[in-house]
Every structure is written in structure tokens, then in C-alpha cells.
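Peer 1: Numbering of the sequence shown is given in my numbering, commencing with residue 3 and proceeding in unit increments.
There could be a bad hint or two in this list.
As the list claims (entries may be wrong) - Below are the DSS-like pairs computed for lysine-lysine, each with C-alpha atoms no more than 30 Å apart in a straight line:
hint: 1; residue 1: LYS115; residue 2: LYS29
hint: 2; residue 1: LYS133; residue 2: LYS145
hint: 3; residue 1: LYS142; residue 2: LYS275
hint: 4; residue 1: LYS133; residue 2: LYS10
hint: 5; residue 1: LYS133; residue 2: LYS91
hint: 6; residue 1: LYS91; residue 2: LYS10
hint: 7; residue 1: LYS115; residue 2: LYS91
hint: 8; residue 1: LYS115; residue 2: LYS301
What the hints assert, rightly or not - So the derived label-pair ranges between C-beta atoms look like this:
hint: 9; residue 1: ALA298; residue 2: ASP101; range: 43 to 51 Å
hint: 10; residue 1: THR118; residue 2: GLU28; range: 49 to 57 Å
hint: 11; residue 1: LYS10; residue 2: GLY315; range: 37 to 45 Å
hint: 12; residue 1: ASP109; residue 2: GLU331; range: 41 to 49 Å
hint: 13; residue 1: GLN8; residue 2: VAL50; range: 17 to 25 Å
hint: 14; residue 1: THR105; residue 2: GLU28; range: 29 to 37 Å
hint: 15; residue 1: HIS330; residue 2: HIS103; range: 30 to 38 Å
hint: 16; residue 1: GLY114; residue 2: TYR12; range: 51 to 59 Å
hint: 17; residue 1: GLY263; residue 2: GLU209; range: 27 to 35 Å
Hints were generated in silico from the structure; no laboratory data involved. Every residue gets a Cβ at the ideal spot worked out from N, C-alpha and C, and that includes glycine.
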Amino acid sequence: MKFLDQAKIYLRSGDGGDGVTAFRREKFIEFGGPDGGNGGKGGDIVFVAEHNLNTLIDFRYTQHFRAPKGGNGAGSDRTGAGARDVVIKVPLGTQVFADDHETMLADLDAAGKRVTLLAGGDGGFGNTHFKTSTNRAPRKSTKGWPGEERWVWLRLKLIADAGLVGLPNAGKSTFLSAVSAARPKIADYPFTTLHPQLGVVRLSASEEFVLADIPGLIEGAHEGAGLGDRFLGHVERCAVLLHLVDGAAGDVVRAWRTVRGELSAYDGGLAEKPELIGLNKSDSMTPRETSARLAALRKASGQPVFLLSGATGQGVPEVLRALQNTIHETRRHAAGRERAA
Numbered sequence: 003m004k005f006l007d008q009a010k011i012y013l014r015s016g017d018g019g020d021g022v023t024a025f026r027r028e029k030f031i032e033f034g035g036p037d038g039g040n041g042g043k044g045g046d047i048v049f050v051a052e053h054n055l056n057t058l059i060d061f062r063y064t065q066h067f068r069a070p071k072g073g074n075g076a077g078s079d080r081t082g083a084g085a086r087d088v089v090i091k092v093p094l095g096t097q098v099f100a101d102d103h104e105t106m107l108a109d110l111d112a113a114g115k116r117v118t119l120l121a122g123g124d125g126g127f128g129n130t131h132f133k134t135s136t137n138r139a140p141r142k143s144t145k146g147w148p149g150e151e152r153w154v155w156l157r158l159k160l161i162a163d164a165g166l167v168g169l170p171n172a173g174k175s176t177f178l179s180a181v182s183a184a185r186p187k188i189a190d191y192p193f194t195t196l197h198p199q200l201g202v203v204r205l206s207a208s209e210e211f212v213l214a215d216i217p218g219l220i221e222g223a224h225e226g227a228g229l230g231d232r233f234l235g236h237v238e239r240c241a242v243l244l245h246l247v248d249g250a251a252g253d254v255v256r257a258w259r260t261v262r263g264e265l266s267a268y269d270g271g272l273a274e275k276p277e278l279i280g281l282n283k284s285d286s287m288t289p290r291e292t293s294a295r296l297a298a299l300r301k302a303s304g305q306p307v308f309l310l311s312g313a314t315g316q317g318v319p320e321v322l323r324a325l326q327n328t329i330h331e332t333r334r335h336a337a338g339r340e341r342a343a
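Based on the provided sequences and hints, a complete structural model is requested.
Peer 2: Spelled out as C-alpha cells, the structure:
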């Protein structure tokens with residue numbers, strides 16, 4: 003299935019039904035009076051976050067959504083039927099933006115969350131509504147209120163606990179395939195990952211987290227170089243980033259600083275997220291190279307650096323445990339701030 007994380011669609015809620023002008027006519031009832039009913043409400047446009055969806059590909063082929071009009075009123079004080087709502091199922095983590103790409107209208111970040119984006123129009127009044135002590139036979143009724151319409155952008159941001167970042171060929175896909183059941187494309191050339199991949203990492207029967215791998219970043223990605231930085235949105239919701247540096251590439255400090263620069267240039271708070279650094283491909287370095295590059299990376303970053311190899315599994319359990327602990331602490335602090343607020 004093709005991955006699609008952005009789509010533009012047209013929405014229109016239903017118009018309200020019309021009220022009617024009617025009078026009661028029965029045998030032996032001389033003055034029946036008005037009995038025109040009100041119109042029914044038009045259908046709403048409702049978005050629902052669906053846990054089992056993971057792409058917006060359906061909206062490439064269906065781009066227009068219109069809710070039906072409410073039923074018209076009828077005689078005998080019968081109110082028109084309310085129209086059914088149009089329920090649009092989207093993947094968990096979908097954000098709805100206005101046509102300007104900036105105004106967020108809804109953020110469906112929890113499974114089953116429902117948002118009524120456009121309300122249907124109210125039904126018009128029948129002539130019974132206008133009956134008064136001085137106007138006992140009104141011949142006035144009103145049309146239903148029109149619905150709302152607008153174009154919106156859907157933008158998917160994957161829900162993951164941890165995110166993998168790094169230059170192309172840093173070994174992110176290999177690492178993801180080694181620690182989860184995900185099977186991303188792996189090859190010996192850059193940009194084998196063309197769209198985000200998710201994998202579930204299980205440490206024990208009660209501990210697991212979701213790991214997201216995004217296409218590699220290169221210098222100038224925030225200006226559109228390479229695949230650009232449009233996929234960075236998929237790790238905005240992560241609790242921690244695992245920054246993999248290719249130890250066999252040589253200048254590991256420059257590689258680390260390049261990606262850090264792109265994270266800082268991206269306006270999404272990624273540079274402030276907790277970061278674990280992994281010097282990858284330890285099986286491709288000599289002991290002397292390993293010692294020198296670990297020391298250089300620790301000095302430049304000012305934090306511990308994990309030595310690992312996604313291909314052989316060296317150091318991988320320690321990295322996964324550190325990720326799990328960081329995720330737990332980050333989520334716990336976030337929950338504490340929400341309770342305090």
C-alpha cells in the first residue's frame with residue numbers, strides 16, 4: 003500500500019430542511035388552524051481517529067464529501083427528518099488544517115476521538131411556529147439554514163514513542179528491522195527509505211514501544227535538499243530521538259552536527275527533545291577507530307554515546323533499555339505537567 007501523509011479535500015455539511023405552510027382541515031372542525039412542521043437538521047461532517055489506518059491514500063481517490071440535506075417539514079405538525087452525518091475515518095495522529103496550511107482546525111491524536119468540523123444547517127420553521135394570539139393563521143414559513151463548506155488539508159503525523167534520525171546510510175533501517183518485525187528496504191546506497199516506517203519493539207511481556215524510522219537528512223534538508231525535512235513531522239510526537247551516526251563514515255562529529263543543525267532549523271521542537279546518540283556499525287571499525295570516534299563524539303555532544311551494531315546486535319539491548327527508560331520518564335513528566343495545569 004502506498005504511503006500518503008498529506009491530502010487536500012473538500013467538505014460541505016448539509017442544508018437544513020425547509021419549514022412548510024399548512025393548515026389543519028378536518029371534518030366537523032371549523033377552525034383548524036396552522037399545522038405546518040419545521041424542517042430537519044442537515045448532516046454534520048465528523049472526523050474520527052481510527053487506530054487501524056496508517057495512511058491517507060484513500061483521500062487521493064475520494065476528495066469531495068457532502069452531507070445530505072435535512073428533510074422538509076410537513077402538515078400535521080410533522081418535523082422533517084434529520085439528515086445522517088458524514089463520518090470520515092482518518093489515521094490516528096491526523097491533523098486538519100485550513101486552506102492556508104497554518105490554521106489547525108482539529109488534532110485527532112487519540113484513538114476514537116471525534117471532532118465535528120462542519121455543523122449541518124438548522125431546519126426552517128413551519129407556520130405553526132409563528133402562531134400567536136393575534137395572528138392565528140400565519141402564512142409564513144422559512145427556508146432551512148445553509149450548511150458550511152470549505153477546503154481543508156489533512157496532514158498525518160505518526161504516533162510513535164521513539165524516532166530514528168540520522169544521515170542517509172546511517173543504518174536506521176537495519177536497526178529497525180533488527181529490533182522489530184518491520185521489514186524496511188535495506189541497500190548499500192543512500193535514501194533507500196522513501197517514506198516513514200513504524201515498528202513495535204517488545205522488551206518483555208509488559209514493555210513495548212513504537213519506533214519510527216524516517217528518510218535520512220542531509221545538509222540543507224530544511225531548504226529542500228535531498229528528500230527535504232517534510233517527514234520530520236512524523237517524529238514530532240516522539241518522547242525521545244535515537245540519533246544514529248555511521249561510525250564507518252569517518253567524520254562522526256560533522257555527521258552528528260549536520261543532523262542537529264537540520265533539527266534546529268525545523269520549527270517543531272525537535273531540537274529540545276531528549277536525544278540518545280548511537281555510534282553505529284561498530285563491526286566496521288577497528289578498535290583504535292572505535293575509541294577515537296567515541297571520544298570525539300562524546301566531547302562534541304557532551305553526553306554519553308552508545309556503541310552498537312544493528313547488523314550484529316552488539317549494544318542493541320542496552321540502547322533499547324535506555325530508550326524505554328527515557329520514554330517512561332518523559333511521559334511521566336508530561337502527565338505531571340498536565341495534572342498541574
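Peer 1: Taking the hints in turn, state whether each one holds.
Peer 2: Comparing the hints with the structure gives:
| no. | hint | verdict |
| --- | --- | --- |
| 1 | LYS115 - LYS29 | violated, 54 Å |
| 2 | LYS133 - LYS145 | holds, 17 Å |
| 3 | LYS142 - LYS275 | violated, 63 Å |
| 4 | LYS133 - LYS10 | violated, 47 Å |
| 5 | LYS133 - LYS91 | violated, 44 Å |
| 6 | LYS91 - LYS10 | holds, 15 Å |
| 7 | LYS115 - LYS91 | holds, 10 Å |
| 8 | LYS115 - LYS301 | violated, 45 Å |
| 9 | ALA298 - ASP101: 43 to 51 Å | holds, 48 Å |
| 10 | THR118 - GLU28: 49 to 57 Å | violated, 42 Å |
| 11 | LYS10 - GLY315: 37 to 45 Å | holds, 44 Å |
| 12 | ASP109 - GLU331: 41 to 49 Å | violated, 24 Å |
| 13 | GLN8 - VAL50: 17 to 25 Å | holds, 19 Å |
| 14 | THR105 - GLU28: 29 to 37 Å | violated, 56 Å |
| 15 | HIS330 - HIS103: 30 to 38 Å | holds, 35 Å |
| 16 | GLY114 - TYR12: 51 to 59 Å | violated, 25 Å |
| 17 | GLY263 - GLU209: 27 to 35 Å | holds, 34 Å |
When the structure is compared with the earlier hints, violations turn up for hints 1, 3, 4, 5, 8, 10, 12, 14, 16 and for no others.
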